[in-house]
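Note that the protein sequences, when read in sequence, are chains A and B. Counting in my numbering, the first sequence tops out at residue 129, every number present. Counting in my numbering, the second sequence tops out at residue 1576, every number present.
Be aware that a few hints might be false.
Said to hold, decoys possible - Computed footprint of chain B on chain A, listed as stretches where at least three residues anywhere in the stretch have a Cβ under 8 Å from a Cβ of chain B:
| no. | stretch |
| --- | --- |
| 1 | 19 to 30 |
| 2 | 42 to 49 |
| 3 | 53 to 65 |
Calculated from the structure, these hints are not laboratory results. Idealized CB from N, CA, C, for every residue including glycine.
Here is how the chains run, residue by residue.
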Amino acid sequence: MNLEKVVFGFFVLLAATLNFGFFIGDLGKPELHSVYELFAAVAVNLVATVLKFGDRTQIGAVHLATSLVASLQLIAAAVVWTYAANVLTDGTLTVEQSAAVVSLSGGALFANVVSVVLLVIETVSFQRR
Amino acid sequence: MARSRLPELGPHLSSAGVFLVLRRMRAPLIVLIVIFAVSVLGLSLVPGVDDEGRPDRMSLFDAFYFMAYTATTIGFGELPHEFTAAQRMWVTLSIFLAVVGWAYAIGSLLSLMQDPGFRQALARRSFTRAVRRISEPYLLLVGYGNASKILARSLDDMGRRFVVIDSQSTRVSSVELDAYRADAPALLGDARDTGLLTLAGLGHRACAGVIALAGDDETNLDVAITTALLRPELPVIARSSSRAVAERMRAFHVQDVVNPLDRFGDHLRILLRSPAAYQLMIWLTSSPGTPLPERFPSLPHGRWVVCGHGRYGDELSADLRAEGLDVTVVHVAGGRVLAGEGDSAHVVESGHVAEAVAFVAATASDTTNLWLVEAARRANPDAFVVALQNRRANAPLFAAVGVDFGMVPAEVIAHEVLARLANPVLMRFLPQVPRQADGWAERLVERLVATCGDGTPDLWRIRLDAAEAPALTHRLAGAGLRLEDLLRDPADRDTALDIVPLTLLRQDERTITPTGDVQLRPEDQLLLAGRLRARAALDTTMTEEPTASYVLDGRRAAASWVWRRFSRQDPAGEPR
């Protein structure tokens, strides 16, 4: 067992699960989407991105690309939330604002799913070798 | 074809620097992210109060903002509300964590900048980019020692580009200090690595040749073989100091092998036969614009004493014996005389220097050569003294000790390589120089100085074919053309151009210094020496129909097609 692989797999998977946890629920209802979960998703996604730095293989490059996409989408979601909650309204988001934030995180979720699929492919092909 | 045989470089070698940064920065960045995330989350969860004392917690955004300016030690001081004791405790902890995180990240980045591997990766990257950008033909120079420096200077003077590979960092950095007019990219690395050679542009379409002048034969052999196998069409000039290595190079069809020590004997032989021929050879192979070197007096014939190192002393004496000299050899190894005590007096005695007409000090050590020369001078002040000057920097020492003829291997190599590069036809002319009759070389030197002036003449080759001399094809095939007529001045056909024909090549037959009444034939090649202006004028004669007509026949032909139709005499006016 390789500890590096455990840590890597852990963060990639945790990024996807946190992302999913935030995304699930009615798009227009901000009370169904915890801001702390979004915060955790951003942080874990950033860690996952950094973990993918410096891999020169083809699959490593695609891994990094998916993580960058997910991180950017989640950061965009966090920025929209912050702006909406602090500048446009006072604390609670409107339906449109909530939908914008959650759908942005939905895009990130897609990238995270690709990341997990890549992880599975890598694992399977590694065992065959 | 040949290019596909080169190893695939891929992006990894050129972008290695970026990957190295990313890989090394992984741990510090993760630490930073984790510290930041924990502090922000903690700060937003720790209970606080607002201005009126009601319980209130910081939002994630406020906590992020506060941590951003605190952790980076900017310390803005703007707070939404006064902190409670619990918040203060948490912030204190966060500050310590964050400062450690930042220090770690910045420290890692700075130490990465100092890392030799990283710097080399960056240097390699900029080198690759510089090589890729070269569009004109360039030469790949392996090794940057004394010989390469002389050669590089001459190449630069001639306006030719080159790329340097050397395995010593001091030499690589001296390329920059030597300040060439054109940009000369230099790479630090072992040229035996085929990947590095490829990086230096072995597969580049503008690469015009490879010159292997590294200090050790092993590298030169490796480079020669690599080039011969991967780019067989490229010319290779390699230095070797042993016959065995030269043989191996020739097995791979590397024809141009330069052996400086071998050439020492050859030079002495030429000098013995004719000082003027030697003068001519040195002059023609010098860098452009070099003034005519002084001519040596005739060397004395009689008993010569050679102090050499092992096999090399034998070879040199064999060369001299072939010239009909009486040679005594004294073997010297590592600065000590084999036969006796190792003092200079013994050498001088055993070699009978007192009765000799000339003394040759040719060991691999300059110190030994110097003391041999000094001893010989004392024993026999009238002897002609020849010395091998292994290091160019020692030239003043040899001059001070009073050497009549010194040879610097680095200079010989540079001359040889330059001659081969400047003109392949010159290499078919030079070996003929010592074989000419008495007085021939003197006359040629005089003629060259009279027509071309004091600087080294420009040497070039012309081929009388449809591509290079379209204006002459009709005449060559028909009425015939004399060399003298071709070399008339287009401005005034009664004067001759300042050009001296050195060689005429017709298939495998060659004529040295052809006379003016030689009949030229199609596909003939000529090696010419002259001034640049004359070269331009000759080019016009060869390519412009009206100029050719005037120069060769004295007829002022019409330049335009209509007038040519009217005059109906010009060969070019014939219907096609």
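Now for the hints, and whether the structure bears them out:
1. 19 to 30: This one is violated; 0 residues, fewer than the three required, reach chain B with a Cβ under 8 Å.
2. 42 to 49: holds (count 3)
3. 53 to 65: Held - the stretch 53 to 65 of chain A has 3 residues with a Cβ nearer than 8 Å to chain B, which meets the minimum of three.
The structure shown violates just one earlier hint, number 1.
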